[in-house]
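Participant: Using the sequences and the hints given, assemble the complete structure.
Those sequence lines, one after another, are chains B and Y. Be aware that the first sequence starts at 0, since it is given in numbering that gives the first Met the number 0, and climbs by one per residue. Be aware that the second sequence starts at 0, since it is given in numbering that gives the first Met the number 0, and climbs by one per residue.
Incorrect hints may appear among the rest.
[Claimed, not checked] Simulated restraints, written as ranges between beta carbons of each label pair:
{"#": "1", "chain 1": "Y", "residue 1": "R90", "chain 2": "B", "residue 2": "D45", "range": "20 to 26 Å"}
{"#": "2", "chain 1": "B", "residue 1": "L15", "chain 2": "Y", "residue 2": "E133", "range": "35 to 41 Å"}
{"#": "3", "chain 1": "B", "residue 1": "A27", "chain 2": "Y", "residue 2": "D141", "range": "54 to 60 Å"}
[Stated by the list, open to error] Covered, in the sense of this in silico footprint (three residues per stretch, anywhere, with C-beta under 8 Å from a C-beta of chain Y), are these stretches of chain B:
{"#": "4", "region": "30-36"}
{"#": "5", "region": "39-49"}
{"#": "6", "region": "61-68"}
{"#": "7", "region": "71-79"}
Because the hints were derived from the structure by calculation, they are not lab data. These figures come from a predicted structure and were not determined experimentally. By construction, the Cβ of each residue, glycine as well, lies at the ideal position given by its N, Cα and C atoms.
If you want the building blocks of each chain, they are given just below.
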Amino acid sequence: MLRVSVSQSNLDVDLLGIRTGKAEGLQAISHAQVLIDLADAFMTRDDLALSTARDRAQRVLGDHGIIEAIGVAANFQRMVRIASATGIPIDDPDAAFGQSVRSALALSESDWHPGE
Amino acid sequence: MDPHFVFQLRPDIDHAFSAYRLWLSQPGQWLTGATRIEIARATRQATQCEACTAFKDHLSARSLDEQHRCCTLLPRDVEVMIHRIVNDQNRIGPSDIERLEGSLGPIYAYIELLGIVVCQFSIDEFYRGLALPEPAWPDPVDGAPDGYLPDFLESETTWVPMIPRDQVQPAEADLWPGNRGANVLRALSAVPNAVRCWQSLSAVMYLSLAGMAEMVQPPNRQLNRMQMELIAGRVSALNQCLY
Numbered sequence: 000m001l002r003v004s005v006s007q008s009n010l011d012v013d014l015l016g017i018r019t020g021k022a023e024g025l026q027a028i029s030h031a032q033v034l035i036d037l038a039d040a041f042m043t044r045d046d047l048a049l050s051t052a053r054d055r056a057q058r059v060l061g062d063h064g065i066i067e068a069i070g071v072a073a074n075f076q077r078m079v080r081i082a083s084a085t086g087i088p089i090d091d092p093d094a095a096f097g098q099s100v101r102s103a104l105a106l107s108e109s110d111w112h113p114g115e
Numbered sequence: 000m001d002p003h004f005v006f007q008l009r010p011d012i013d014h015a016f017s018a019y020r021l022w023l024s025q026p027g028q029w030l031t032g033a034t035r036i037e038i039a040r041a042t043r044q045a046t047q048c049e050a051c052t053a054f055k056d057h058l059s060a061r062s063l064d065e066q067h068r069c070c071t072l073l074p075r076d077v078e079v080m081i082h083r084i085v086n087d088q089n090r091i092g093p094s095d096i097e098r099l100e101g102s103l104g105p106i107y108a109y110i111e112l113l114g115i116v117v118c119q120f121s122i123d124e125f126y127r128g129l130a131l132p133e134p135a136w137p138d139p140v141d142g143a144p145d146g147y148l149p150d151f152l153e154s155e156t157t158w159v160p161m162i163p164r165d166q167v168q169p170a171e172a173d174l175w176p177g178n179r180g181a182n183v184l185r186a187l188s189a190v191p192n193a194v195r196c197w198q199s200l201s202a203v204m205y206l207s208l209a210g211m212a213e214m215v216q217p218p219n220r221q222l223n224r225m226q227m228e229l230i231a232g233r234v235s236a237l238n239q240c241l242y
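Facilitator: Here is the structure:
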């Protein structure tokens with residue numbers, strides 16, 4: 000979905016940052032590193048790290064923005080578990096598009112671990 | 000943050016969470032209200048299970064099942080499965096689901112359980128993310144499950160039966176637009192109310208189905224679409240979700 004929204008914005012974005020957690024290629028997205036840091040802190044389940052990242056994000060995103068950001072993060076804790084706990088295969092209505100996204104994320108690399 | 004402040008800014012989230020708690024408390028298709036609330040309680044407790052954290056490095060996810068911290072009235076194997084959905088979801092396989100039949104019932108009961116676990120977990124994650132106090136559990140509503148099943152189900156796509164894309168009956172016509180039922184939409188569709196429930200939560204925490212198709216800044220939202228997808232993508236990546 001990020002690839003689709005980026006393609007409609009005429010911005011230059013490198014999706015690999017989703018995998019690496021480094022926002023260099025994602026600077027066209029406002030506050031990209033703040034959002035990645037918030038997501039990372041959220042996923043560590045470390046209350047102090049989350050509190051620090053949340054305060055920082057709230058300063059730049061505002062009250063509405065931080066509520067939305069946490070809402071999206073929490074929402075995708077649900078969606079990944081629906082997929083994993085039912086074993087559904089990836090839909091591929093557009094094979095070329097799907098391949099381009101997988102290539103951009105380097106998902107074919109067998110030794111990938113998130114955060115590396 | 001103060002929950003009153005949060006829900007004053009976003010009353011739609013408050014309403015959706017309240018609707019979820021009402022749904023949770025009622026008899027479902029295969030589970031009683033009391034069992035459904037126990038499933039939700041086990042979901043919340045699972046995040047505190049030290050064994051779950053320790054087991055992530057073990058080669059066999061099931062080798063140390065006896066050490067999970069179980070503290071609800073559910074059968075132990077059911078509660079351990081909830082722990083795995085919450086903490087070790089990538090190693091769940093079809094045989095894990097089949098093993099539950101003796102203590103949980105037909106596979107539709109697993110689908111209903113999964114619907115509750117994922118909805119409860121995402122709500123609890125919202126509260127955790129904003130440092131909000133967790134709300135109290137609702138009282139269960141008496142009554143028997145209705146055993147409802149959609150007219151057509153297929154079991155060829157994955158481990159659980161799902162409504163075929165092209166055989167949606169009028170009773171389930173609201174689950175997805177036309178015949179564009181992505182697998183993640185269909186995954187829980189043998190228990191249609193579970194799909195409706197998570198879609199209601201998604202509509203306020205992320206986007207509605209219609210909103211997902213609009214690749215622009217959602218109305219009345221502070222974050223633009225790329226910012227939302229960046230968070231979604233990073234959380235999914237950290238969950239090692241390739242879907």
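Participant: If you check the beta carbons of B/L15 and Y/E133, does the distance land in 35 to 41 Å?
Facilitator: holds (37 Å)
Participant: Using the C-beta atoms of Y/R90 and B/D45, is the stated range 20 to 26 Å upheld?
Facilitator: holds (23 Å)
Participant: Within the region 39-49 of chain B, is the number of residues with a Cβ closer than 8 Å to a Cβ of chain Y three or more?
Facilitator: holds (count 6)
Participant: Quick check: does the Cβ-Cβ distance between B/A27 and Y/D141 fall within 54 to 60 Å?
Facilitator: Hint holds: Cβ distance 55 Å, inside 54 to 60 Å.
Participant: Within the assertion that chain Y covers the region 71-79 of chain B, do at least three residues meet a Cβ-to-Cβ distance smaller than 8 Å?
Facilitator: holds (count 9)
Participant: Cut-off 8 Å, C-beta pairs, minimum 3 residues; does the coverage of the region 61-68 of chain B by chain Y stand?
Facilitator: holds (count 8)
Participant: Counting residues of the region 30-36 of chain B that have a beta-carbon nearer than 8 Å to any beta-carbon of chain Y, does the count reach 3?
Facilitator: Our answer is that it holds, as 4 residues pass the Cβ test (under 8 Å) against chain Y, meeting three.
Violated hints for the displayed structure: none, as all numbered hints are satisfied.
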